[in-house]
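Using the sequences and the hints given, assemble the complete structure.
Per our numbering, the sequence shown starts with residue 67, numbered consecutively.
Keep in mind the hints are simulated off the structure, nothing from the lab.
Each hint should be verified, as a subset may be incorrect.
To be verified - In the BS3-like style, the derived pairs of lysine-lysine whose C-alpha atoms are separated by at most 30 Å in a straight line are:
no.: 1; residue 1: Lys-285; residue 2: Lys-233
no.: 2; residue 1: Lys-285; residue 2: Lys-212
no.: 3; residue 1: Lys-242; residue 2: Lys-212
To be verified - Taking CB as the label site, the calculated pair distances span:
no.: 4; residue 1: Gln-229; residue 2: Asp-69; range: 50 to 56 Å
no.: 5; residue 1: Ser-247; residue 2: Trp-122; range: 50 to 56 Å
no.: 6; residue 1: Ala-100; residue 2: Ala-239; range: 38 to 44 Å
no.: 7; residue 1: Tyr-111; residue 2: Ile-238; range: 28 to 34 Å
no.: 8; residue 1: Ala-100; residue 2: Gln-229; range: 39 to 45 Å
no.: 9; residue 1: Gly-171; residue 2: Tyr-105; range: 34 to 40 Å
no.: 10; residue 1: Phe-286; residue 2: Gly-195; range: 34 to 40 Å
no.: 11; residue 1: Arg-250; residue 2: Pro-177; range: 33 to 39 Å
no.: 12; residue 1: Gly-195; residue 2: Glu-240; range: 24 to 30 Å
no.: 13; residue 1: Gln-281; residue 2: Ala-227; range: 26 to 32 Å
no.: 14; residue 1: Thr-228; residue 2: Glu-79; range: 56 to 62 Å
no.: 15; residue 1: Asp-249; residue 2: Ala-206; range: 18 to 24 Å
no.: 16; residue 1: Arg-324; residue 2: Glu-108; range: 32 to 38 Å
Just so we're clear, the structure is a prediction, and the values are computed from it rather than from any experiment.
Where is the CB? At the ideal position from N, CA and C, for every residue including glycine.
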Amino acid sequence: MSDAAQAIQRLIEIMACLRDPKDGCPWDQEQDFASIAPYAIEEAYEVADTIARQDWDALPDELGDLLLQVTYHARMAEEAGWFDFATVATMIGDKMIRRHPHVFGAAPLRPGQWEDGKAQERLTRQENGTLAGIPLGLPALLRARKLSARAARVGFDWATATQVANKVDEEIAELKVELDSGDRARIADELGDVLFTLATLARKLDLDPEDCLRQANAKFTRRFTAVEQDLATQGRTMPDATLAEMEAGWQAVKRRERQTP
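What follows is the structure, encoded as structure tokens:
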């Protein structure tokens with residue numbers, strides 16, 4: 067048995083011990099699919115964060131946390147008599163072979179092969195319709211990108227990114243009109259249209275809107291913290307400063323960033 071196989075088997079056995087009805091951990095014994103699912107999402111985000119920070123020393127630990135979630139769900143399913151970890155590993159292995167006939171078979175690689183394979187799998191699962199099978203639990207921006215990408219595959223799309231950008235302007239104009247109405251439901255609806263169109267623009271530019279927003283979040287955090295630190299060197303805090311002073315500090319931070327090689 068390889069080192070990897072031994073390590074995985076050890077993890078499976080550890081999880082079985084944790085879930086043991088008699089001698090297991092009380093907290094682990096009480097968990098079910100619904101209670102554990104949020105942790106899987108959280109751990110996936112922590113993996114993405116570690117990669118974004120390029121913290122390669124921490125990545126094995128974060129990937130282990132994510133693998134634990136798979137092991138956890140597989141163990142609960144085994145207890146219910148539905149499937150086990152081996153079933154999960156076998157099914158994903160089979161899927162990868164099925165979706166890569168140019169690697170594991172004699173068929174040549176062709177455009178759209180991956181998506182065609184996924185579409186066939188959706189039909190097998192009786193998921194009908196172009197937009198079927200896009201998980202509701204995805205982050206909203208990511209799901210918007212996927213929805214527009216699916217629609218684009220059947221021709222429901224703008225020809226150029228510029229046309230999408232023009233649509234963004236149109237949606238923002240409609241939002242501004244509703245801002246004057248004070249109707250929160252209509253404002254929310256129009257703001258949703260703006261965000262959806264921005265996600266479509268990201269897709270048209272071959273960008274991930276989640277990545278774009280993460281970068282913007284990081285930039286905002288970096289600049290805001292710098293403004294805060296600049297004020298601290300003066301013996302002041304953010305609440306001590308006026309909005310004009312904070313804006314001046316923000317612009318100063320931006321100028322410093324542009325001057326940094």
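Checked hints:
1. Lys-285 / Lys-233: holds (26 Å)
2. Lys-285 / Lys-212: Holds - the C-alpha atoms of Lys-212 and Lys-285 are around 26 Å apart, at most 30 Å.
3. Lys-242 / Lys-212: Within the cut-off at roughly 27 Å; holds.
4. Gln-229 / Asp-69: 50 to 56 Å: holds (53 Å)
5. Ser-247 / Trp-122: 50 to 56 Å: 51 Å Cβ-Cβ, so the 50 to 56 Å window holds.
6. Ala-100 / Ala-239: 38 to 44 Å: For Ala-100 and Ala-239 the Cβ distance comes to about 42 Å; the hint holds.
7. Tyr-111 / Ile-238: 28 to 34 Å: holds (29 Å)
8. Ala-100 / Gln-229: 39 to 45 Å: With a Cβ separation near 43 Å, Ala-100 and Gln-229 satisfy 39 to 45 Å, so the hint holds.
9. Gly-171 / Tyr-105: 34 to 40 Å: holds (38 Å)
10. Phe-286 / Gly-195: 34 to 40 Å: Given about 38 Å between the Cβ atoms, the range holds.
11. Arg-250 / Pro-177: 33 to 39 Å: violated (45 Å)
12. Gly-195 / Glu-240: 24 to 30 Å: Given range 24 to 30 Å: holds, Cβ gap about 28 Å.
13. Gln-281 / Ala-227: 26 to 32 Å: Distance hint for Gln-281, Ala-227 is violated at roughly 19 Å.
14. Thr-228 / Glu-79: 56 to 62 Å: The hint (56 to 62 Å, Cβ to Cβ) holds, given that Thr-228 and Glu-79 are roughly 57 Å apart.
15. Asp-249 / Ala-206: 18 to 24 Å: Since Asp-249 and Ala-206 have Cβ atoms about 22 Å apart, the given range 18 to 24 Å holds.
16. Arg-324 / Glu-108: 32 to 38 Å: holds (36 Å)
The structure fails to meet hints 11 and 13 from the earlier list, while all remaining hints are met.
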